[in-house]
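Novice: Chain by chain, the residues:
Protein chains: 2
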Amino acid sequence: MKKLAFILLLISGLARAQNEDDKQLKAIFDTALTEGMAYEWLNHLSNQIGGRLSGSVQAEMAVDYTKAQLDALGLDKVWLQPVMVPKWVRGVPEFAYMETSPGVTTNMDICALGGSVSTPLGGLKANVLEVQGIEELEALGKEKIAGKIVFFNRPMNAKLINTFKAYSGCVDQRAVGATEAGKYGAVGVIVRSMNLRLDDYPHTGNMRYGDEPVNERIPAAAISTNGAELLSTTLKLNPDTQFYFKQNCKQFDDVKSFNVIGEITGSEYPDEIMIVGGHLDSWDLGDGSHDDGAGCVQSMDVLRILQKSGYRPKRTLRVVLFMNEENGLRGGREYAKVAKANNEKHVFALESDAGGFSPRGFSFDASDANFEKVARWKKLFEPYLVHSFTKGGSGADIGPLKDEGIVLAGLRPDSQRYFDHHHAANDTFEHVNKRELELGAAAMASLVFLFDKYGVE
Amino acid sequence: MKKLAFILLLISGLARAQNEDDKQLKAIFDTALTEGMAYEWLNHLSNQIGGRLSGSVQAEMAVDYTKAQLDALGLDKVWLQPVMVPKWVRGVPEFAYMETSPGVTTNMDICALGGSVSTPLGGLKANVLEVQGIEELEALGKEKIAGKIVFFNRPMNAKLINTFKAYSGCVDQRAVGATEAGKYGAVGVIVRSMNLRLDDYPHTGNMRYGDEPVNERIPAAAISTNGAELLSTTLKLNPDTQFYFKQNCKQFDDVKSFNVIGEITGSEYPDEIMIVGGHLDSWDLGDGSHDDGAGCVQSMDVLRILQKSGYRPKRTLRVVLFMNEENGLRGGREYAKVAKANNEKHVFALESDAGGFSPRGFSFDASDANFEKVARWKKLFEPYLVHSFTKGGSGADIGPLKDEGIVLAGLRPDSQRYFDHHHAANDTFEHVNKRELELGAAAMASLVFLFDKYGVE
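Sequence lines, in order, name chains A and B.
Residue numbering for the first sequence follows the numbering used here, starting at 883 and increasing by one per position.
Residue numbering for the second sequence follows the numbering used here, starting at 883 and increasing by one per position.
With a straight-line Cα cutoff of 27 Å, these simulated DSS-like cross-link-like pairs (lysine-lysine) come out:
#1 K1261/A to K1261/B
#2 K1047/A to K908/B
#3 K1047/B to K908/A
Hints were generated in silico from the structure; no laboratory data involved.
Start from the sequences, fold in the hints, and give me the full structure.
Specialist: Rendered as C-alpha cells:
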C-alpha cells in the first residue's frame, strides 16, 4: 500500500506540475500575442535603421537602439561587448548585361557576393561557361575554363521539405565557387541565387577566398533565379553569348563593433547561464527583417514576456544580440571566448535565425539524456502547433559555446518562404507577420522557462 | 511457434505496407513540388479572371476555364452541374466619412457587406453608437439606438492560436448585426473588419436579413481595423461625431450557374465515391486567391498528382468546384441533393477552404472508428510537417453530404495570415506562396490515397 500511495502521489505531483506548466505557457503566449514588443522593435530596426552590414553606420545605430531598448526594460544588467569585425562595402552602382552578339545587350540585375573583390574599373566581359557545380570544374579543366566567366547554376532541390537542406545543397557554389573556378583560370563567377522561387531578386551572401593571394582573386556576383534561367536559355541558343559585369566592392580594415547583451540575474543559480539570441547584423540589400532582425527582437522579447507573465528565472538569463554572423561570426566567437576566459558556466543557449515565420519546432544539439528530457515537454507545445523537436543543429552564433554540458537549440519556423527573401532586397518588414513573429517569441520564452524550471541533465 | 510465425508475418506485412505508403506519399509530394499545376491554374483564375462573385461574368469565366482544364487532364468524366445562385452586385462608388463638426470630415474606406441593401440615393448620415456586440443592444434599447448608425467594434481575440476560432467569435456582428440593430430603430450598421491585423483594408462577407420585410432592412458596411480604431477614438473625443456612408448595392433575381465536376472512375469500387473540392466563387474585392481559388486548384491537382505519381484509385474520385459558398451555399446543397436523388454512395469528402498556406493538418467530421483509423496514418505525414489531426469540422460545401457512413475532412493550413486577406482587396495572388500551395495539394492527395487504399470503416 505504501508503494501504491507513493506512486499515486508521484502521478498527482506530475499532473500538478504539468498543469502549472500548461498555465505558464498559456500566460507566455497570451502576453506575447497581446502585449508583445517584438513587432514594434522590428519596425524600428527595419524601417528606421535598415540593412545592418557589419562595420556600417546602420549596424552601429542598431547597437545603440537595442541597447537603449534593453536599458528601458529594467533588466539587472545591460552591456556592450566589444568585438572587431570585418568591414566590406558593396559600392554602387553594380551593373551587368548579356551580349548575344556585338552591341546586342540585355541588362540583368546583379549583386556582388559578400567579400568579393571588385571587377576592373571598366568592368569585365567574357564568354560564359555554365556548370551545375564545383565538381564539374576538374573534368572541364583549364583549357575550357581559362578566360571565362563560370556560371554556377545548380538550383535548390524543390523536393526537400526543409528548405534549409536545399540551401545547404547549393551554397558551396556561392561560398567557394570563385576560388575553385579561379584555380582553372576563370576571370569571374556568376552564381544562381539561392532561392526556390523564380523571381527577379539577386541574393547576396558570404563567399571566401581562404588564403588565396589577393592578386589572384576573381570577382563573384549573384543573379536572380529568373536571370539564371534566362542566361542558361540564352547560352543554349547562343553559346558565344558574353556576360559583362561591373562591381566596385572593397574590403576595409576591421572596425570595432559590439555584441549587445542584457541579463536577468538568476534568483537561485546565478552562475548557471542561459542565453537567447539572434544576430544584429544583416546583409545590406534589404532591411534584414527576417535575417535576422526577427531573431533579435524575439530574443529581446523573451526576457520581457517572462517578466510580464510573472516568471522570475532561477538561472541567469541573457539576451545576446550577436554582431557579424553574416560575414565573419566574430560576435559569436568573441562571446564564447569571453565566457571561457571568465569561467562562466553556460547551460542552455537558444538561437532564432531562420526567419520570423510561424514556429514549427526546435532543433537541439544536446546529449541523449537532455534530448529525452526535452521530448517529454513536446505535449506542452502542441496547443501552439509547435510539433517538431529534432536532434541536430542549433545556430551559428551559439555554436562556439558548444561543450559537453550545454544544450544548444534553434527555433525552427516554417521554412517555405524563407529563401524567397534571404539576403535579398525583399527581406523587408512587410513580409513579416506580427502574429507569426510573436508566436516564435512565445515558443522561445516557453522553452527557456522549462529549461530554467527543470534544469539540464 | 505457429502463433509466433503468424505474428512475425503480420508485423512484416504491416511494415511492408507502411513502407509502400511512405513511398507513395513521397511520390505524391515530389510530384506536387516539381510538376504541380496548382500555382499556374491559380495565376489564371486570379490574374486573368479575378474576383468571382456568384452570378458575375467572372464566375462564369471561372466555370468555363476550370472545365476546360479538367477536360485537358483526360479524366474519365467532366461535367457541369446546374445550380441557381443569388446575384448580388456591390455597385460603385462606395463612399464614407466621419464628420466631427459640421463640414469637418475625414474620409474612410468602406465596403458594403454582401447581401446588404443600398443606402438612400444621397447616402445616410447619422450619429454613431459604438457597441462591442449584439448582446449590448437590448440594454441600450430603442431610446438610445433609434435613428443612429450602430458601430459593431468587437475585435477578434488575439489570444486564440486558431484564428478561425477568433473569427467565429466575431462574425455574428457582420452576419446579423444589421437585422438585430434594425429591431431597435437603427438606420445603418458599420462593422469592424474581421481581421487580426491593424491595416487599411475593409473586409466584406455575407450578412443576412432572414425574413425581415424588405422595407425594414437597413444597410450594413465594413470599415478597416485602422478605420475602426480611428472611429472609436474619435467618438471618445467627440461623441457627437456623425458618420456618412453611401452604397449602391442591389440584389437581382437568381441566375443559373454551375458546379464543375471531374471524375476518375474507380477501378474496383466505382460505386464508392470520394470527393475533393473547394469553392469556385469568391468575393469581389480581391481576386479570391486564398478564398478559395487555392482550394479549387489544389483539388484539381489532387487528381492530376495521383495520375502522375502512378496511382489509379480503386474508388471513384471526383473533384468538385462548388459554386456560391460565400453567399448562399447553393452549390454544396445542390451537389448533395443530386447525390441523394441518384442514390450515390459517398464515402469520403475533403475540402480545402482555409487558404493556400503551409498545411498543418486536417480536421475530421467522422465516427470514432474512422478517426482512430486516420490517427494511425499521422506518422506518414510527419516528414511533411503535417502534424495536427483533430476531430470536428470539415468544410461548408461538403457539409450537406453528412450522414452516418461518410468521413468529412478539411485541410487545415497555417491560419496566422489568413484573416489579413480574407474577403478583402488584398486577397490576391502575390500573397500565395507556390510551395505552400503545392504542399497543401500533396497533403490532400496523400489523404485521398490512404482512404482509397484502406477504405472507411
